[in-house]
Amino acid sequence: MAAVCATGCRLLRLCAAAVEGPWGRLRGLGLARGFLQPKPDGEDVAPRRQVAHFTFQPDPEPREYGQTQKMNLFQSVTSALDNSLAKDPTAGKDRVFNTPLCEQGIVGFGIGIAVTGATAIAEIQFADYIFPAFDQIVNEAAKYRYRSGDLFNCGSLTIRSPWGCVGHGALYHSQSPEAFFAHCPGIKVVVPRSPFQAKGLLLSCIEDKNPCIFFEPKILYRAAVEQVPIEPYNIPLSQAEVIQEGSDVTLVAWGTQVHVIREVASMAQERLGVSCEVIDLRTIVPWDVDTVCKSVIKTGRLLISHEAPLTGGFASEISSTVQEECFLNLEAPISRVCGYDTPFPHIFEPFYIPDKWKCYDALRKMINY
Amino acid sequence: MAVAIAVPRVWGPSRSLRQAALLLLRRPGPRGIARNHLHRQQQQQQFSSLDDKPQFPGASAEFIDKLEFIQPNVISGIPIYRVMDRQGQIINPSEDPHLPQEKVLKLYKSMTLLNTMDRILYESQRQGRISFYMTNYGEEGTHVGSAAALDNTDLVFGQYREAGVLMYRDYPLELFMAQCYGNVSDLGKGRQMPVHYGCKERHFVTISSPLATQIPQVGAAYAAKRANANRAVICYFGEGAASEGDAHAGFNFAATLECPIIFFCRNNGYAISTPTSEQYRGDGIAARGPGYGIMSIRVDGNDVFAVYNATREARQRAVAENQPFLIEAMTYRIGHHSTSDDSSAYRSVDEVNYWDKQDHPISRLRHYLLSCGWWDDEQEKAWRKQSRKKVMEAFEQAERKLKPNPNLLFSDVYQEMPAQLRKQQESLAHHLQTYGEHYPLDHFEK
Numbered sequence: 003m004a005a006v007c008a009t010g011c012r013l014l015r016l017c018a019a020a021v022e023g024p025w026g027r028l029r030g031l032g033l034a035r036g037f038l039q040p041k042p043d044g045e046d047v048a049p050r051r052q053v054a055h056f057t058f059q060p061d062p063e064p065r066e067y068g069q070t071q072k073m074n075l076f077q078s079v080t081s082a083l084d085n086s087l088a089k090d091p092t093a094g095k096d097r098v099f100n101t102p103l104c105e106q107g108i109v110g111f112g113i114g115i116a117v118t119g120a121t122a123i124a125e126i127q128f129a130d131y132i133f134p135a136f137d138q139i140v141n142e143a144a145k146y147r148y149r150s151g152d153l154f155n156c157g158s159l160t161i162r163s164p165w166g167c168v169g170h171g172a173l174y175h176s177q178s179p180e181a182f183f184a185h186c187p188g189i190k191v192v193v194p195r196s197p198f199q200a201k202g203l204l205l206s207c208i209e210d211k212n213p214c215i216f217f218e219p220k221i222l223y224r225a226a227v228e229q230v231p232i233e234p235y236n237i238p239l240s241q242a243e244v245i246q247e248g249s250d251v252t253l254v255a256w257g258t259q260v261h262v263i264r265e266v267a268s269m270a271q272e273r274l275g276v277s278c279e280v281i282d283l284r285t286i287v288p289w290d291v292d293t294v295c296k297s298v299i300k301t302g303r304l305l306i307s308h309e310a311p312l313t314g315g316f317a318s319e320i321s322s323t324v325q326e327e328c329f330l331n332l333e334a335p336i337s338r339v340c341g342y343d344t345p346f347p348h349i350f351e352p353f354y355i356p357d358k359w360k361c362y363d364a365l366r367k368m369i370n371y
Numbered sequence: 008m009a010v011a012i013a014v015p016r017v018w019g020p021s022r023s024l025r026q027a028a029l030l031l032l033r034r035p036g037p038r039g040i041a042r043n044h045l046h047r048q049q050q051q052q053q054f055s056s057l058d059d060k061p062q063f064p065g066a067s068a069e070f071i072d073k074l075e076f077i078q079p080n081v082i083s084g085i086p087i088y089r090v091m092d093r094q095g096q097i098i099n100p101s102e103d104p105h106l107p108q109e110k111v112l113k114l115y116k117s118m119t120l121l122n123t124m125d126r127i128l129y130e131s132q133r134q135g136r137i138s139f140y141m142t143n144y145g146e147e148g149t150h151v152g153s154a155a156a157l158d159n160t161d162l163v164f165g166q167y168r169e170a171g172v173l174m175y176r177d178y179p180l181e182l183f184m185a186q187c188y189g190n191v192s193d194l195g196k197g198r199q200m201p202v203h204y205g206c207k208e209r210h211f212v213t214i215s216s217p218l219a220t221q222i223p224q225v226g227a228a229y230a231a232k233r234a235n236a237n238r239a240v241i242c243y244f245g246e247g248a249a250s251e252g253d254a255h256a257g258f259n260f261a262a263t264l265e266c267p268i269i270f271f272c273r274n275n276g277y278a279i280s281t282p283t284s285e286q287y288r289g290d291g292i293a294a295r296g297p298g299y300g301i302m303s304i305r306v307d308g309n310d311v312f313a314v315y316n317a318t319r320e321a322r323q324r325a326v327a328e329n330q331p332f333l334i335e336a337m338t339y340r341i342g343h344h345s346t347s348d349d350s351s352a353y354r355s356v357d358e359v360n361y362w363d364k365q366d367h368p369i370s371r372l373r374h375y376l377l378s379c380g381w382w383d384d385e386q387e388k389a390w391r392k393q394s395r396k397k398v399m400e401a402f403e404q405a406e407r408k409l410k411p412n413p414n415l416l417f418s419d420v421y422q423e424m425p426a427q428l429r430k431q432q433e434s435l436a437h438h439l440q441t442y443g444e445h446y447p448l449d450h451f452e453k
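From first to last, the protein sequence lines stand for chains A and B.
The working numbering numbers the first residue of the first sequence as 3 and each following residue consecutively.
The working numbering numbers the first residue of the second sequence as 8 and each following residue consecutively.
If you're looking for bench data, these hints aren't it; they were derived computationally from the structure.
Among the clues, some could well be false.
[Said to hold, decoys possible] In silico DSS-like cross-links for lysine-lysine, where the CA-CA straight-line distance does not exceed 25 angstroms:
hint, chain 1, residue 1, chain 2, residue 2
1, B, K207, B, K110
2, B, K430, A, K300
3, A, K211, A, K296
4, B, K408, A, K296
5, B, K116, B, K397
6, B, K116, B, K207
7, B, K397, A, K211
8, B, K364, B, K408
9, B, K453, A, K211
10, B, K207, B, K397
Remember, it's a predicted structure, so these values are computed and weren't measured experimentally.
Produce the complete structure using the sequences and hints provided.
Right, dumping it as structure tokens:
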């Protein structure tokens, strides 16, 4: 089984040169050495880069998968890809390669590879740029098996892409487009909350016999560090995880937001004496209705939170299904704490994101309903 | 993240696009990874030289001090390769592929059988017996000429007007009809509109309606290359679909990633009602190939031997050299776009008649067969009768069959059925228990 990865180049990073380096040569041109003066202390200046709105909580070291190593999220993704490549008996530089800069081409090419039965792992540099590939994903990948009567399929295609807010990403480096794809039968959409989860879920996506989209919370790439098994292992798709049991409120999120609601659960316990059940949805579609409903039947209250805009966000699907299945168990209306219905702003990010205070406030209102 | 691009050296005697029949892009040295390394080494050597030569990574060219724009040459565009004249006579004997009688007869019978099937199924739509149909009138030559030049295991990605390729590969009439009727025998399980054929055994990927989406799926050729499968991929599309972004993506990827693929464009003059004069301003599709670094040719699509020769050469070289080839087959869409179209609204009957009577792939091949003494009027009459009978039989059988079980509405969305979907399937079954009389259940398998 041959594995292939393809990427397209997108983001330009301007690196500040060391003062002694190129700037040194410009001295002769009359420019002061290190002409960027540091800000004087104590002055009332604009805030520096934001403190993160979440605290990553590593899970306890997994024991059942053999030797582990400290990895951050992008290292765990790389580890998954390495494991995957190791399964392929062929070798060669042509297994991992750059492509021309064209997302519809990247995904289309990946579909073609998958149609022959080979494994294709396509990278879209930011989830914000997945839209040119929307036709290939929705009209082709998702429908390949169905429309051919199972004569053909592209199940061995996985698309992976950095996802979600990062503190300064603005409109085009912060998006969470899972809701667009949730509306498309035939594909699976997965979002991990941590390095350990990421590796197991990504390996499951790669091995899954259906085309999968794997969104990686980019803000966790370096911020999330924990012990991750070196050997390959699988975490099942379409299974939500109850990461903390509770009796009064069910909190549901995915990706980075899981760490926000975890903290909200602590706040609720401390300040209100409220016991929260925290669920990481993990697979957006097909989603684990049973786990969420079972929890809401127990607690009677549900709060769902995501960075993506409120209207048409995936919380609306969860909310709608839960009120159908658990109507009589509900003690309060289902609460959604999400991004506003605006494009993702730059300087206003601290106000935009559904942070722990907004979630806490919504929880409080639910308790007092 | 670095993007490494190896740029081929492009030579030409002049800057105009007037070229010989086969456009040659000469590359110094071997193809593949070795060439990339060689080229990068050469560039590095050049960089250290003190000559006033261009050092740009993006282009391999000399400086010029005269301001001159390259003129796109559409007046006398890329010439059209042909082997037979309109009367089916070989023009240049050295280009005659000398196909054996059996093969030429197979070409002829495939085209005529397709034509007969088209007539009957078009009529059946008019009579409300199937919901939709697309004929292939006038383009049969492009299908069978190219299909005959491929290996049987070469993978075919089509647009929707390539039924002749399947016909040549002996796809049974029963299955053509089954798909159009969406009956229990349809391998596609009744999910798609008519003419959306697919066949795994015959390596014909199931047709999908969105235009040009199959073109970037050249990854299949890349996988075949990696697997050393000695397998080419052919990708058909019309001149209208070639305007889609997916076409640009597919061409660029195939060339840059060195895929053994044949891009086969059926330029039939119309995209529904949009004539080519409103589709592009350049010299058709063939002229775009060199822009991507693709070997390109334009052929007379109504000349089965020209199509055959070009496809044969392209196929052999694509696999041997791991590079794409672009064939633009000029032809004419004699029929309407589909049963939802009445082309008299945008073109004259005279124009259509010209092609039907004066330059038809079937007639030209028939003249060739007659002049070889491999066919005569009696055989023609007998074959017409026989092919009509075969088609009618398959047609009547297909019409009598039931449609598939409605449960097949729900399967194959994923390889395994998700729990939510199973619930929906159960809810339909439940609904039908009460309201079944309002549904055409009698026509469907229980």
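- Item | Earlier hints that do not hold, by number | 3, 4, 7, 8 and 9
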